[in-house]
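Visitor: Model the full assembly from the supplied sequences, consistent with the hints where possible.
So you can see what is in the structure, the chains are spelled out below.
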Amino acid sequence: MKNSFGIYIHWPYCAAKCPYCDFNSHVKRELSEAGYLASIRRELGYYAALSPQRSVTSIFFGGGTPSLMQPETAGRILDIIAGLWPVEPDAEITLEANPSSVEADSFAGFRAAGINRVSLGVQSLHDEQLQFLGRLHNAAEARAAIAIANANFDRVSFDLIYARPGQTPDDWRAELTEAVSLAAGHLSLYQLTIEPGTAFYRLHEAGKLRVPGDDAAAALYELTQELCNAAGLPAYEISNHARPGEEARHNLLYWRYGEYAGIGPGAHGRLILPEGRLALSTEPDPAKWAALVNQQGNGLIHRDRLSDQEQAEEMLMMGLRISNGLDLSRLTAITGYRIEAEALEMLEGDGLIQHSPGAGIVKATRTGQLVLNRLIETLAGRLQRAEHALT
Amino acid sequence: MSIQDQTAPANDTGKKMSAEGKAPSLAHIRNFSIIAHIDHGKSTLADRLIQICGGLTDREMKEQVLDSMELERERGITIKAQTVRLKYSASDGKDYVLNLIDTPGHVDFAYEVSRSLAACEGSLLVVDASQGVEAQTLANVYKALENDHEIIPVLNKIDLPAAEPDRIRQQIEDVIGLDASDALEISAKSGLGVAEVLEAIVQRLPAPYGDLNAPLKAMLVDSWYDAYLGVVVLVRVIDGKMAKGDKIRLMSNGAIYQIDRVGVFQPKREMCDKLSAGEIGFFTAAIKQVADTRVGDTITGEKRMTANALPGFKPAQPVVFCGLFPVDSAQFEDLREAMGRLRLNDASFEYEMETSAALGFGFRCGCLGLLHLEVIRERLEREFNIDLITTAPSVVYKLHMTDGSAQEMHNPADMPEVVKIDSIEEPWIKATVLVPDEYLGSVLKLCEDRRGRQIDLSYAGSRAMVVYELPLNEVVFDFYDRLKSVTSGYASFDYEISAYEVGDLVKMSILVNAEPVDALSMIVHRSRSQQRGRVMCEKLKELIPRHMFQIPIQAAIGGKVIARETLSALRKDVTAKCYGGDVSRKRKLLDKQKEGKKKMRQFGRVEIPQEAFVAALKMDEN
Numbered sequence: 000m001k002n003s004f005g006i007y008i009h010w011p012y013c014a015a016k017c018p019y020c021d022f023n024s025h026v027k028r029e030l031s032e033a034g035y036l037a038s039i040r041r042e043l044g045y046y047a048a049l050s051p052q053r054s055v056t057s058i059f060f061g062g063g064t065p066s067l068m069q070p071e072t073a074g075r076i077l078d079i080i081a082g083l084w085p086v087e088p089d090a091e092i093t094l095e096a097n098p099s100s101v102e103a104d105s106f107a108g109f110r111a112a113g114i115n116r117v118s119l120g121v122q123s124l125h126d127e128q129l130q131f132l133g134r135l136h137n138a139a140e141a142r143a144a145i146a147i148a149n150a151n152f153d154r155v156s157f158d159l160i161y162a163r164p165g166q167t168p169d170d171w172r173a174e175l176t177e178a179v180s181l182a183a184g185h186l187s188l189y190q191l192t193i194e195p196g197t198a199f200y201r202l203h204e205a206g207k208l209r210v211p212g213d214d215a216a217a218a219l220y221e222l223t224q225e226l227c228n229a230a231g232l233p234a235y236e237i238s239n240h241a242r243p244g245e246e247a248r249h250n251l252l253y254w255r256y257g258e259y260a261g262i263g264p265g266a267h268g269r270l271i272l273p274e275g276r277l278a279l280s281t282e283p284d285p286a287k288w289a290a291l292v293n294q295q296g297n298g299l300i301h302r303d304r305l306s307d308q309e310q311a312e313e314m315l316m317m318g319l320r321i322s323n324g325l326d327l328s329r330l331t332a333i334t335g336y337r338i339e340a341e342a343l344e345m346l347e348g349d350g351l352i353q354h355s356p357g358a359g360i361v362k363a364t365r366t367g368q369l370v371l372n373r374l375i376e377t378l379a380g381r382l383q384r385a386e387h388a389l390t
Numbered sequence: 000m001s002i003q004d005q006t007a008p009a010n011d012t013g014k015k016m017s018a019e020g021k022a023p024s025l026a027h028i029r030n031f032s033i034i035a036h037i038d039h040g041k042s043t044l045a046d047r048l049i050q051i052c053g054g055l056t057d058r059e060m061k062e063q064v065l066d067s068m069e070l071e072r073e074r075g076i077t078i079k080a081q082t083v084r085l086k087y088s089a090s091d092g093k094d095y096v097l098n099l100i101d102t103p104g105h106v107d108f109a110y111e112v113s114r115s116l117a118a119c120e121g122s123l124l125v126v127d128a129s130q131g132v133e134a135q136t137l138a139n140v141y142k143a144l145e146n147d148h149e150i151i152p153v154l155n156k157i158d159l160p161a162a163e164p165d166r167i168r169q170q171i172e173d174v175i176g177l178d179a180s181d182a183l184e185i186s187a188k189s190g191l192g193v194a195e196v197l198e199a200i201v202q203r204l205p206a207p208y209g210d211l212n213a214p215l216k217a218m219l220v221d222s223w224y225d226a227y228l229g230v231v232v233l234v235r236v237i238d239g240k241m242a243k244g245d246k247i248r249l250m251s252n253g254a255i256y257q258i259d260r261v262g263v264f265q266p267k268r269e270m271c272d273k274l275s276a277g278e279i280g281f282f283t284a285a286i287k288q289v290a291d292t293r294v295g296d297t298i299t300g301e302k303r304m305t306a307n308a309l310p311g312f313k314p315a316q317p318v319v320f321c322g323l324f325p326v327d328s329a330q331f332e333d334l335r336e337a338m339g340r341l342r343l344n345d346a347s348f349e350y351e352m353e354t355s356a357a358l359g360f361g362f363r364c365g366c367l368g369l370l371h372l373e374v375i376r377e378r379l380e381r382e383f384n385i386d387l388i389t390t391a392p393s394v395v396y397k398l399h400m401t402d403g404s405a406q407e408m409h410n411p412a413d414m415p416e417v418v419k420i421d422s423i424e425e426p427w428i429k430a431t432v433l434v435p436d437e438y439l440g441s442v443l444k445l446c447e448d449r450r451g452r453q454i455d456l457s458y459a460g461s462r463a464m465v466v467y468e469l470p471l472n473e474v475v476f477d478f479y480d481r482l483k484s485v486t487s488g489y490a491s492f493d494y495e496i497s498a499y500e501v502g503d504l505v506k507m508s509i510l511v512n513a514e515p516v517d518a519l520s521m522i523v524h525r526s527r528s529q530q531r532g533r534v535m536c537e538k539l540k541e542l543i544p545r546h547m548f549q550i551p552i553q554a555a556i557g558g559k560v561i562a563r564e565t566l567s568a569l570r571k572d573v574t575a576k577c578y579g580g581d582v583s584r585k586r587k588l589l590d591k592q593k594e595g596k597k598k599m600r601q602f603g604r605v606e607i608p609q610e611a612f613v614a615a616l617k618m619d620e621n
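Chains V and B are the protein sequences, given in the same order. Sequential numbering of the first sequence, starting at 0, is according to numbering that gives the first Met the number 0. Sequential numbering of the second sequence, starting at 0, is according to numbering that gives the first Met the number 0.
One or more hints might be untrue.
Claimed, not checked - The list that follows gives simulated cross-link-like pairs (lysine-lysine, DSS-like), each with its CA atoms no further than 27 Å apart: (1) Lys287(V) x Lys585(B); (2) Lys240(B) x Lys313(B); (3) Lys267(B) x Lys243(B); (4) Lys506(B) x Lys444(B); (5) Lys246(B) x Lys188(B); (6) Lys27(V) x Lys576(B); (7) Lys587(B) x Lys287(V); (8) Lys16(V) x Lys587(B).
Since the hints were derived computationally from the structure, they do not count as laboratory data.
Guide: Structure below.
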């Protein structure tokens, strides 16, 4: 893992904006695919100069809806990457895709271009729910797309959104049971969250959209764990489930606080450079991003050196999301911070974390996962510089 | 709500203070005060009197000249006594000097009121001709009668359509027992009948008595700090005179000062040569702080001393105590300075530093009453810009210890071990409530609920007068608020401290997550503890946000839990989707959370919002 290096490529366009989505996605294309490719090429060149001597272990095309790009464009990008860094033979190369029939038809082309894993935005297996979620596909198309993806790629994942308005545990049990039977080896199961700036947010504020309360949502979460465990798809992260070995390596890179470059508009990266660990991010607007790349060779609008404490906080935020937990000795090695032993004991006493002093690993328990934001807040408040610690 | 009280039995009057039968040269002086309920027109009448006597030009005439403090004007109450000397040419062709003392109009300042009244020979009883007599008015009239005042009833707002002078006249006779047949009918607002008021003052009120040649004897009526003059002392001279350069002695502590200036208020400050027997005015004498001057003290000559000090003097005695803590602990030093500066001008409140595990550093303040406390709190917040947390008000308990010693307790936190206490005494009050009879049932229930003992219940027209004995500790919490709410604001209330009585009193602690929260502990009567404990726990359960763990909230007496609520653990707070791009955003959220934490008080592992401390004390029992 120490040598892992991931590349994230952001494709900013979607066929339509979903009412729950607050990601950097745009419908109107102001930038041609050729123009996009040219800018990606320049930006990759910039990153190669900035962070050479790394082997690429994962590449992730996210968006937006990157399956809307021509498979050739993806192939060209992969070729560019391979020309700039060595790419590990078993590198995980993921494409986010929508399960519309048009896109499913291009799966073979993406496969030929070098994509070896797809993540399908299925979101629901019910037509009326897909309409509510503003999706352009129906349930039949979703099932077909999963089948086509399974035929074309060794590794396939799909996403579902649950804890939807009015969803009962029985509804969810039925839907998830089908999903588990369709799943090859990986499922992402996200609870619906109402994010500022989305259409759902406005409806919610106006009282026209009611999502399940905390207790109901918690019960649905428990049900999810139960069903997935029984199906051999345990959670390895708050919302991600996989058969052992099928975990998304690229995403694990984020959660394990590894190194990754974010290419394209509104992409984020974390790179370890001689000056320290940097948080980098690019201009979100596609046209402005392209202009910026044209002008300065990259689309960066933020390039901040993270303090030790900020790094420690980020490691906590990401590391506690995964079931393997956070390696405390690594936390201290990277950041110079440790968590007060007393706080760990206290939270363990509450049943919120598991902490094995010998192994130096801290994990959130099921209860702890459900209140992870608070847990992280508490632990972040109990970080101390390791040299000050006496025990 | 108006509150008035009569603490000190004040039998000392102008007549008794002086040598009998002397000083006919004082015949041109009248000293009087005005007794009225809030909004019945006291200040308006005072303004009219000043205007007619030419004390101020129309341009200088500001609405309600006498209530000069912003807070006083806003609340319609007078906190410091003020005086004005009026020059009046009466219809008998003679010129008179009329001294009006405006008294503090609140029960908390009952002692100050009694001293102000003792400085006069008569009063105007101003009653709203449609509203009638209120509890506060009643108490002050009794106090005036105790001071042998001649009282002139005045029916104000006679020009309003709702005015019923005959009914109110009858009410004055029924409720107060005062002959109201010659009551004046006026409208202070329009000026109607005000000239007759001045004539009545001259003709119906007695002139003061006093011996101009006797040794100086003066009563210290009030004092305050003036930025230019230093401490200004308001006095009523009984015998003799005081002039610039004279050396005087304060009889309570023997302190000697040389007078810098003497003068009168007309109502503007005017310096004069001397103040003589029968006169009211002020002096300054390089006195450093208001606390050096005590209301009711006797002032005499340094060498030529009066034989007897005036009776009725007593030092200010704080009745209600509470903790004041800055919301922002960084403001503690600002608060200390603000307290010091307030005390410069108000010697009747005292304070000492207090440390609370929950609230950090602050001050324990002793006040004359709840309104006084509120005035102080508001002035600190308003004039010094300090946000404050106020802890539960507490009364002064007298503890009798098993070893025979006795001590006072101002703070529940100071409660000694129960085994060392033989008995605890608590102060009781005699409360008078005047209320329209449709609300009588609610008032009686409220008083009964608060351990009250009914003393009297009578009717005057459609209004009931209820007299109850109540433990003060049941009143300091929220009695006023409850009374106001159960009577839709139609009750008027007045009380006086009556006596200390032994009670079955216990200290109720509040434990949040098994940790005692000192700022929430209180002394309660055992019979009331269960209910208070339950209400408190329920309140806190609403006020404390859910945590990651379950939080028991308990009320306990000694080790015994008497009420319990459980705040269940937070069930869910987790970001569903979190990828590389979200890290920065999440870190910013974390920073925001850290900011929010500053508004909470950490108690053990539980964060209690500051507003919970105040809100928890507002007991809504219905």
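Visitor: For each hint, tell me whether it holds in the structure or not.
Guide: Structure-based check of each hint:
no. : hint                  : verdict
1   : Lys287(V) x Lys585(B) : holds (25 Å)
2   : Lys240(B) x Lys313(B) : holds (24 Å)
3   : Lys267(B) x Lys243(B) : holds (19 Å)
4   : Lys506(B) x Lys444(B) : holds (25 Å)
5   : Lys246(B) x Lys188(B) : violated (45 Å)
6   : Lys27(V) x Lys576(B)  : holds (26 Å)
7   : Lys587(B) x Lys287(V) : holds (25 Å)
8   : Lys16(V) x Lys587(B)  : holds (26 Å)
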